[in-house]
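The residues making up each chain are set out below.
Protein chains: 2
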Amino acid sequence: MTADHLSTTFAALADPTRRAILARLRSGEASVLELAEPFDMSLPAISKHLKVLERAGLISRSRDAQRRPCRIEAAPLKEAAKWMDRYRQFWEESFDRLDEYLEELKKKEKRHARK
Amino acid sequence: MTADHLSTTFAALADPTRRAILARLRSGEASVLELAEPFDMSLPAISKHLKVLERAGLISRSRDAQRRPCRIEAAPLKEAAKWMDRYRQFWEESFDRLDEYLEELKKKEKRHARK
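Here the protein sequences line up with chains A and B, keeping their order.
Sequence positions in the first sequence follow the numbering used here and run 2 to 116.
Sequence positions in the second sequence follow the numbering used here and run 2 to 116.
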């Protein structure tokens with residue numbers, strides 16, 4: 002099995018702590034210490050998660066500053082979202098079916114109310 | 002670590018064979034035999050992948066017919082796409098930056114051409 006980009010991205014996202022780290026980074030850059038704060042986790046454990054995110058290209062770490070803040074890198078997310086988009090018709094279709102069903106129920110109720 | 006829905010979905014998508022199976026199912030239901038055909042894989046190996054997809058709720062298998070065709074279930078993909086959408090601004094921003102950069106390059110070229 003080759004370590005293709007999409008698989009690496011999805012594997013990195015398949016963890017609630019890593020998704021929470023990305024959620025935190027939506028509001029701006031943060032150092033490892035700042036990222037570790039809300040989690041009941043050791044710094045090495047957080048660093049390990051950051052390494053997975055960094056290897057997947059989902060975050061980058063500044064080399065200039067001493068605190069080496071992390072920031073989101075969007076390219077892999079864009080690629081993953083593009084992949085997802087091919088399936089959009091399926092969830093839109095299933096909502097259409099749900100709409101039809103609810104419409105059907107309403108009609109039935111009206112018929113019952115008239116009786 | 003709890004096996005939350007999103008993590009299960011992303012973990013199931015983190016494999017090229019499983020994504021290829023979903024891609025095949027976009028054009029309609031298919032039996033295990035039909036799904037196995039394009040892959041150089043044993044039936045048990047394909048069945049294992051199907052079980053991962055089924056457990057993640059990404060496919061369902063009909064109980065009526067003897068061939069038990071598989072079909073895509075969109076709900077987990079919808080949930081995952083919704084999660085992705087929160088990051089859309091990041092990749093749109095980075096494309097804005099790329100646009101600005103290309104605009105800058107064009108201007109420079111024009112200036113050089115005039116000299």
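Quick caveat, the hints were computed from the structure, so don't treat them as lab data.
Keep in mind it's a predicted model, so treat the numbers as computed, not measured.
Do not take every clue at face value.
A pair holds if it fits inside one copy or across any two, identical chains being indistinguishable in the list.
Here are the simulated DMTMM-like cross-link-like pairs (lysine to aspartate or glutamate), alpha carbons at most 25 Å apart as the crow flies [unchecked claim]:
1) Lys52 / Asp86
2) Lys109 / Glu55
3) Lys107 / Asp5
4) Lys108 / Asp16
5) Lys79 / Glu101
6) Lys108 / Glu35
7) Lys79 / Glu38
8) Lys109 / Glu74
9) Lys111 / Asp86
10) Lys107 / Asp16
11) Lys107 / Asp86
12) Lys108 / Asp86
Structure-based check of each hint:
no., hint, result
1, Lys52 / Asp86, "between (28 Å within a copy, 23 Å between copies)"
2, Lys109 / Glu55, "neither (55 Å within a copy, 34 Å between copies)"
3, Lys107 / Asp5, "neither (48 Å within a copy, 34 Å between copies)"
4, Lys108 / Asp16, "neither (44 Å within a copy, 45 Å between copies)"
5, Lys79 / Glu101, "between (33 Å within a copy, 19 Å between copies)"
6, Lys108 / Glu35, "neither (55 Å within a copy, 41 Å between copies)"
7, Lys79 / Glu38, "neither (28 Å within a copy, 31 Å between copies)"
8, Lys109 / Glu74, "neither (51 Å within a copy, 28 Å between copies)"
9, Lys111 / Asp86, "neither (38 Å within a copy, 39 Å between copies)"
10, Lys107 / Asp16, "neither (41 Å within a copy, 43 Å between copies)"
11, Lys107 / Asp86, "neither (32 Å within a copy, 33 Å between copies)"
12, Lys108 / Asp86, "neither (34 Å within a copy, 35 Å between copies)"
When each numbered hint is compared with the structure, violations occur for hints 2, 3, 4, 6, 7, 8, 9, 10, 11, 12.
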